[in-house]
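Participant: Work out the full structure, taking the sequences as your base and the hints as a guide.
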Amino acid sequence: MTIFSVQSTIFIRASVALLSSNGLKRFSSASSFSSNPLYPPPLPKTKKRCFPIVSDVDIGGVTIGRNDDDPTNNVPDYIMTRIVNWWKTVLFVCVLALAVDPLFFFIPVIDSHKFCFTLDKKLGVAVCVLRTLIDVFYVIHIIFHFITELVAPRSRASLIGELVVHSKVIRKRLFFFYFSVDIVSVLPIPQVMVLTLLSRKQKTSLVSKEILKWVMFCQSLPRSIRIYPIFREVTRASGTVAQTKWVGAALNLFFYLLPTHVIGAFWYLSAIEKKETCWREACAKITECDLTNLLCARGAGGDNSGFLNTSCPLIDPEQITNSTVFNFGIYTDALKSGVVETRDFPRKLLYCFWWGLRNLSALGQNLETSNSAGEVFFAIIICVSGVLLCAVLIGNVQKYLQSTSIRVDEWEAKKRDTEQWMSSEDLPDYLKERIRKWEYDEWEKNSGTKREAHLPSLPKDLRVEAKRIIYLYSLENVPWISFIDDDWLLNEMYDRVKPVFYWEKSHILGIGDPVKEMLIVMRGELESVPEYCETSRYSNLQIRLMKGDVWGKLLFWALDPHTSPSLPISNRNVMTLTYVSGFTLSADDLKFLAYHLRRYHSVKLQHIKHIFRCHSKSWRSWAAFYIQAAWKAHCRRKASKILQDTQRNLGATLYASRFVSKTLRYRQDDSAEFPSFPEMLPDKPADPEFSKKEA
1 MTIFSVQSTI FIRASVALLS SNGLKRFSSA SSFSSNPLYP PPLPKTKKRC
51 FPIVSDVDIG GVTIGRNDDD PTNNVPDYIM TRIVNWWKTV LFVCVLALAV
101 DPLFFFIPVI DSHKFCFTLD KKLGVAVCVL RTLIDVFYVI HIIFHFITEL
151 VAPRSRASLI GELVVHSKVI RKRLFFFYFS VDIVSVLPIP QVMVLTLLSR
201 KQKTSLVSKE ILKWVMFCQS LPRSIRIYPI FREVTRASGT VAQTKWVGAA
251 LNLFFYLLPT HVIGAFWYLS AIEKKETCWR EACAKITECD LTNLLCARGA
301 GGDNSGFLNT SCPLIDPEQI TNSTVFNFGI YTDALKSGVV ETRDFPRKLL
351 YCFWWGLRNL SALGQNLETS NSAGEVFFAI IICVSGVLLC AVLIGNVQKY
401 LQSTSIRVDE WEAKKRDTEQ WMSSEDLPDY LKERIRKWEY DEWEKNSGTK
451 REAHLPSLPK DLRVEAKRII YLYSLENVPW ISFIDDDWLL NEMYDRVKPV
501 FYWEKSHILG IGDPVKEMLI VMRGELESVP EYCETSRYSN LQIRLMKGDV
551 WGKLLFWALD PHTSPSLPIS NRNVMTLTYV SGFTLSADDL KFLAYHLRRY
601 HSVKLQHIKH IFRCHSKSWR SWAAFYIQAA WKAHCRRKAS KILQDTQRNL
651 GATLYASRFV SKTLRYRQDD SAEFPSFPEM LPDKPADPEF SKKEA
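Read left to right, the sequence shown gives residues 1 to 695 (the UniProt record's numbering).
Think of the hints as simulated: they come from the structure by calculation, not from any bench.
Be aware that a few hints might be false.
With a cut-off of at most 20 angstroms between alpha-carbon atoms, the simulated DMTMM-like pairs for lysine to aspartate or glutamate come out as follows [to be verified]:
id	residue 1	residue 2
1	K505	D409
2	K415	D429
3	K498	D461
4	K505	D485
5	K114	E375
6	K399	E410
7	K505	E433
8	K213	D290
9	K516	D588
10	K121	D111
11	K432	E527
12	K516	D560
13	K336	E527
14	K437	E504
15	K122	E341
16	K399	D417
17	K114	E341
18	K114	D344
19	K684	D560
20	K437	E412
21	K591	E492
22	K399	D409
23	K122	D111
24	K88	D135
25	K114	D135
26	K213	E276
27	K516	D589
28	K121	E433
29	K609	D485
30	K609	D560
31	K414	E439
32	K121	E341
33	K437	E465
34	K591	E504
In this text the structure is predicted, and so the values were computed from the model without any measurement.
Facilitator: Next comes the structure, spelled out in structure tokens:
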């Protein structure tokens with residue numbers, strides 16, 4: 001009875017960890033249990049002092065590697081899918097922003113009646129609102145990216161990606177490299193300038209149009225540069241932006257049409273500037289002509305229609321015979337068609353887009369330029385851009401279609417073989433449908449390739465190094481592997497791990513099946529249900545395994561040299577809840593590693609013994625019964641002490657009677673709920689003897 005009074009505080013604290021509703025809570029501190037031989041002392045030079053309390057439940061899960069300090073953990077798959085979709089949306093918005101910016105060039109319009117320049121107010125407001133919405137969306141992304149990053153560089157075993165919360169040092173680095181570029185690209189300078197020009201009631205200077213043009217060009221550079229890091233993050237996370245060949249071909253075509261739109265918008269603005277240059281030269285020769293009237297007044301004002309009516313005739317460049325006639329060059333078509341005078345936005349947008357597509361596809365061969373340096377340079381840009389874009393478009397589409405076609409052909413051949421096999425075996429329709437769905441989902445998930453198909457062909461040193469990089473972080477979280485410092489033993493372990501993938505609702509192991517391997521989950525969720533979990537009162541015995549968890553009793557079965565050579569039998573059903581990826585170590589591999597660990601690492605055997613106790617089902621069960629017995633003894637002692645003091649005062653007597661009755665009622669309720677609970681404490685399990693030599 002004395003042991004209960006001495007260690008009652010320890011038992012109460014331990015009951016929080018061992019007897020919680022989910023059975024997965026950690027010990028509050030390893031040092032709190034140092035006085036009890038059941039619990040291990042703190043390990044001095046390891047990352048984790050104590051490991052979770054659910055493991056060796058015949059085929060239960062061991063929550064290993066779920067480090068609360070590591071921000072890459074505890075991120076469910078559906079959240080990672082949403083994050084990847086968010087980044088794809090941001091990439092689409094950035095590309096859309098590049099298509100919206102040239103719309104500012106369509107705001108200036110020529111008034112053909114007054115021979116002056118004005119602004120399309122409705123179009124200006126609409127473009128400013130659209131640009132502002134895109135910038136606000138990207139500001140939200142800047143805040144998100146300033147805090148998190150999509151893919152953890154140290155985890156490359158999955159193409160889905162991981163979420164990383166940045167530290168202060170990384171945030172400072174991102175501030176100087178990405179944050180400054182993003183801020184420059186979202187500055188609302190064009191919106192402020194356009195809205196200022198539209199709101200002024202007096203005449204404004206023609207220089208404002210030039211300033212707006214150069215502001216747009218200056219902002220287009222950072223707005224184009226920011227696409228690359230986003231594209232890199234998306235490809236690192238999901239492998240590719242497009243999931244099908246037609247989507248990929250459409251994206252390549254879109255990136256070809258985007259420069260066409262930009263060239264058409266610049267051609268429209270340059271045509272207005274060319275008209276302005278002609279009117280300025282003509283107005284300079286006429287004394288009565290007022291240059292200030294070239295910008296249409298919002299109030300009353302004069303115009304130069306009488307002076308400029310015949311000053312700038314529209315003549316094709318090849319028909320000009322007199323050098324005094326103003327040559328509009330490649331902008332003659334824009335002035336003759338009237339697109340620079342109309343406020344019909346769809347009309348001038350489509351016409352300018354068509355002009356850019358026609359000349360970009362023809363490599364600018366049909367352009368008749370004047371002797372203006374800027375016009376000639378613009379024609380050269382059209383020619384060079386057409387050559388580069390055509391080469392890139394044809395190369396990308398051809399490469400993408402060929403690579404995808406090869407995979408599709410392999411998939412079609414495999415599908416035909418599967419259909420023939422299912423027909424020859426006369427499988428039922430529901431099973432055929434499940435097989436078809438699984439094969440298609442597996443092919444779509446892996447993009448038609450086997451991720452580990454190239455590893456066996458590598459030499460051992462390269463294969464071990466590759467597996468070390470892929471599986472290092474997850475293997476470091478396994479209890480008895482986390483403190484191994486033998487490079488040879490680690491290399492042997494890395495060479496023996498095998499990746500596995502399970503689709504949703506896959507049945508991995510059933511009750512009565514031998515446990516042949518140990519699975520360490522890298523992504524996804526599994527559910528482990530015992531055979532007696534039939535009613536809701538045992539629902540807390542259902543174990544959900546996630547990233548970093550381990551199921552299988554082979555871990556400590558291999559460590560104990562005195563266990564039976566036959567494989568353990570599972571008393572739990574294990575089924576996947578989502579798509580699961582991980583890697584396995586077979587029973588022979590674990591025996592090999594455990595043998596060398598016991599033989600050449602005898603200094604660590606004491607810690608291995610503590611780990612065995614912490615994760616053994618028999619030791620955990622005995623500890624649970626021991627704590628419950630201690631608590632009941634404590635309650636009986638307290639009730640007995642109160643009963644002895646009942647003669648001292650009436651209040652104490654009433655209090656004692658209430659306490660005793662309540663205690664008896666709780667015990668009756670416990671007996672009714674758990675009638676099979678043993679009244680006697682089970683025998684203490686024997687300590688594992690991890691000897692240096694095999695028995």
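Participant: None of the hints should be skipped; say for each whether it holds.
Facilitator: Tested hints:
1. Proximity of K505 to D409 is assessed by CA-CA distance (about 28 angstroms); at most 20 angstroms being required, the pair is judged violated.
2. Proximity of K415 to D429 is assessed by CA-CA distance (about 16 angstroms); at most 20 angstroms being required, the pair is judged to hold.
3. At most 20 angstroms may separate the alpha-carbon atoms for a hinted pair to count; K498 and D461 meet this at roughly 16 angstroms.
4. Taking the CA atoms of K505 and D485, the gap is near 38 angstroms; set against the 20 angstroms cutoff, the hint is violated.
5. Between K114 and E375, the direct Cα distance comes to roughly 27 angstroms. Violation of the 20 angstroms bound is thereby established for this hinted pair.
6. Between K399 and E410 the CA atoms are separated by roughly 17 angstroms; this keeps the pair inside 20 angstroms, and the hint holds.
7. With a C-alpha separation of about 14 angstroms, the suggested pairing of K505 with E433 holds against the 20 angstroms cut-off.
8. In summary, the hint linking K213 to D290 is not supported, as the alpha carbons are separated by about 25 angstroms, beyond the 20 angstroms threshold.
9. Restraint check: the Cα-Cα separation between K516 and D588 comes to about 9 angstroms, which is no more than 20 angstroms; the hinted pair holds.
10. This hinted pair checks out: K121 and D111 have alpha carbons roughly 14 angstroms apart, not beyond 20 angstroms.
11. For a cut-off of 20 angstroms, the pair hint linking K432 to E527 is broken: about 25 angstroms separates their Cα positions.
12. Straight-line distance between C-alpha atoms of K516 and D560 comes to about 16 angstroms, which keeps the hinted pair within the 20 angstroms bound.
13. As the CA atoms of K336 and E527 are separated by approximately 73 angstroms, the hinted pair breaks the 20 angstroms bound.
14. About 11 angstroms separates the Cα atoms of K437 and E504, which keeps this hinted pair within 20 angstroms; it holds.
15. Between K122 and E341 the CA atoms are separated by roughly 15 angstroms; this keeps the pair inside 20 angstroms, and the hint holds.
16. Under the criterion of a C-alpha separation no larger than 20 angstroms, the hint pairing K399 with D417 is inconsistent with the structure, at around 27 angstroms.
17. Annotation: proposed proximity of K114 to E341 holds, straight-line Cα distance about 11 angstroms (limit 20 angstroms).
18. Between the alpha carbons of K114 and D344 the distance comes to roughly 19 angstroms, so the proposed pair stays at or under 20 angstroms and holds.
19. For the given pair, K684 sits about 17 angstroms from D560 by alpha-carbon distance, which is consistent with the 20 angstroms threshold.
20. Distance restraint check for K437 and E412: the Cα-Cα separation of roughly 14 angstroms lies within the 20 angstroms cut-off, and the hinted pair is therefore satisfied.
21. Annotation: proposed proximity of K591 to E492 holds, straight-line Cα distance about 12 angstroms (limit 20 angstroms).
22. For the proposed pair K399 and D409, the alpha carbon gap of about 15 angstroms is at most 20 angstroms, so the pair holds.
23. For the given pair, K122 sits about 16 angstroms from D111 by alpha-carbon distance, which is consistent with the 20 angstroms threshold.
24. For the hint pairing K88 with D135, the CA-to-CA distance comes to about 16 angstroms; that is within 20 angstroms, so the pair holds.
25. A hinted pair counts as satisfied when its Cα atoms are at most 20 angstroms apart, and K114 with D135 does not qualify at roughly 37 angstroms.
26. Our distance criterion of 20 angstroms between C-alpha atoms is met by K213 and E276, whose separation comes to about 15 angstroms.
27. A C-alpha spacing of about 11 angstroms is found between K516 and D589, which places the hinted pair at or below 20 angstroms, so the restraint holds.
28. With a C-alpha separation of about 59 angstroms, the suggested pairing of K121 with E433 is violated against the 20 angstroms cut-off.
29. Only pairs whose Cα atoms come within 20 angstroms are accepted, and K609 paired with D485 is accepted, the gap being roughly 18 angstroms.
30. Restraint check: the Cα-Cα separation between K609 and D560 comes to about 9 angstroms, which is no more than 20 angstroms; the hinted pair holds.
31. Taking the CA atoms of K414 and E439, the gap is near 9 angstroms; set against the 20 angstroms cutoff, the hint holds.
32. A threshold of 20 angstroms between alpha carbons decides the hint, and for K121 with E341 the separation of about 14 angstroms falls inside it, so the pair holds.
33. Taking the CA atoms of K437 and E465, the gap is near 35 angstroms; set against the 20 angstroms cutoff, the hint is violated.
34. In summary, the hint linking K591 to E504 is not supported, as the alpha carbons are separated by about 31 angstroms, beyond the 20 angstroms threshold.
Hint compliance for this structure: hints 1, 4, 5, 8, 11, 13, 16, 25, 28, 33 and 34 are broken, all remaining hints hold.
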